[in-house]
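Chemist: Position chain B against the provided structure of chain A, taking the given hints into account.
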Amino acid sequence: MAQYWLSSPWANDPWASFEQLRRAMDTFQNPTAAPRRTGAFPPVNLYETVDGYVLTAELPGLSAGDIDISIERNRVTVGGNRQVERPDDGSVHRAERASGQFRRSIELPAEVDADKAEATHRNGVLMLRVPKAEQHQPRKIAVKTR
Amino acid sequence: MTTENTTDLQTLEKPTVEREGTRPGVVFRPDVDIAERRDEFVVTADLPGVDEQHVQVKLEEGVLAIDGELATTPDAAWTPLYAEYRSGGYHREFRLTDAIDADRIQATMRDGVLTLHLPKTDRHRPRQIAVQGG
Numbered sequence: 418m419a420q421y422w423l424s425s426p427w428a429n430d431p432w433a434s435f436e437q438l439r440r441a442m443d444t445f446q447n448p449t450a451a452p453r454r455t456g457a458f459p460p461v462n463l464y465e466t467v468d469g470y471v472l473t474a475e476l477p478g479l480s481a482g483d484i485d486i487s488i489e490r491n492r493v494t495v496g497g498n499r500q501v502e503r504p505d506d507g508s509v510h511r512a513e514r515a516s517g518q519f520r521r522s523i524e525l526p527a528e529v530d531a532d533k534a535e536a537t538h539r540n541g542v543l544m545l546r547v548p549k550a551e552q553h554q555p556r557k558i559a560v561k562t563r
Numbered sequence: 018m019t020t021e022n023t024t025d026l027q028t029l030e031k032p033t034v035e036r037e038g039t040r041p042g043v044v045f046r047p048d049v050d051i052a053e054r055r056d057e058f059v060v061t062a063d064l065p066g067v068d069e070q071h072v073q074v075k076l077e078e079g080v081l082a083i084d085g086e087l088a089t090t091p092d093a094a095w096t097p098l099y100a101e102y103r104s105g106g107y108h109r110e111f112r113l114t115d116a117i118d119a120d121r122i123q124a125t126m127r128d129g130v131l132t133l134h135l136p137k138t139d140r141h142r143p144r145q146i147a148v149q150g151g
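Keeping their order, the protein sequence lines are chains A and B.
Each position in the first sequence, counted from 1, maps to that position plus 417 in the numbering used here.
Each position in the second sequence, counted from 1, maps to that position plus 17 in the numbering used here.
Bear in mind the hints are in silico, worked out from the structure with no lab data behind them.
Don't take each hint at face value.
For each label pair, taking beta carbons as the anchor points, the in silico distance ranges come out as [what the hints assert, rightly or not]:
(1) T537/A <-> T138/B: 38 to 46 angstroms
(2) A559/A <-> A82/B: 56 to 64 angstroms
(3) E551/A <-> W95/B: 20 to 28 angstroms
(4) R54/B <-> S522/A: 36 to 44 angstroms
(5) A457/A <-> H141/B: 38 to 46 angstroms
(6) T132/B <-> S522/A: 25 to 33 angstroms
(7) A527/A <-> Q70/B: 49 to 57 angstroms
(8) E528/A <-> E77/B: 51 to 59 angstroms
(9) E69/B <-> P504/A: 18 to 26 angstroms
One side of the interface only, derived from the structure: several residues of chain B facing chain A at Cβ under 7 angstroms [what the hints assert, rightly or not]:
(10) E53
(11) E101
(12) D128
Bear in mind the structure is a predicted one, so any value in this text is a computation, not a measurement.
Every residue gets a Cβ at the ideal spot worked out from N, C-alpha and C, and that includes glycine.
Excised from the complex, chain A in its bound form (with noise of 0.2 angstroms):
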């Protein structure tokens, strides 16, 4: 399960591959061991569609409205500010909810059509699709006889 976990492009970290492991022999010994998620917030998933990408951000708490996305070549970047509402007027005993401005910047492995991208935000779900760019859709060659 999750093999994609394994393979992140973005693993730039020395140590990662320790962590990886550790994290791997966690699923093996007990499934629910395992993070759920990285730090990062939002965390993000991407997917390949057969003509472009989808992008999902976990953004529990904030409204369509609050989310800034950009789009610039193939760098996609989700902004906005999640203000968590604490009591003012009594006491916390657990802060496990992230609160604060956030910004991710994610790069697509090829170049997207911006003008065609459609987000949705649902359930505290972002997903953005978007199509390729011209030049990087499939193309169905037809085969002549001869």
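Modeler: Okay, now just chain B, sitting in the frame of chain A:
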């Protein structure tokens, strides 16, 4: 101070228990905030991907259990290229004291965040005692 700390939810959380076979797929422990106000506790849980139809809040024998399932899952036709989080259900439970008025617990779900208001019972609310001059 020699106050009895009977209303502290923090120390009352049960360790996550493995429940094999009862749930399909992986279940994760959601991030929570717990705050205490004068007359209530507020529990806020991040359940990204869960809507009000897929969340269950249950109180049974003094244990408050939060369960969530994803409303939608990623399309199986998509090829994962890179992942920073895994998708699955959520489960977390807390043992409540009798300081909480179980009948008046309120739960709301919005943008993947569950908010629970747990009112304190009347006898656990702080009371101001008027001191009269002799």
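Chemist: Each hint should be assessed against the structure and marked as holding or not.
Modeler: Evaluated hints:
| no. | hint | verdict |
| --- | --- | --- |
| 1 | T537/A <-> T138/B: 38 to 46 angstroms | 43 angstroms, holds |
| 2 | A559/A <-> A82/B: 56 to 64 angstroms | 59 angstroms, holds |
| 3 | E551/A <-> W95/B: 20 to 28 angstroms | 21 angstroms, holds |
| 4 | R54/B <-> S522/A: 36 to 44 angstroms | 39 angstroms, holds |
| 5 | A457/A <-> H141/B: 38 to 46 angstroms | 40 angstroms, holds |
| 6 | T132/B <-> S522/A: 25 to 33 angstroms | 31 angstroms, holds |
| 7 | A527/A <-> Q70/B: 49 to 57 angstroms | 37 angstroms, violated |
| 8 | E528/A <-> E77/B: 51 to 59 angstroms | 54 angstroms, holds |
| 9 | E69/B <-> P504/A: 18 to 26 angstroms | 24 angstroms, holds |
| 10 | E53 | 5 angstroms, holds |
| 11 | E101 | 4 angstroms, holds |
| 12 | D128 | 5 angstroms, holds |
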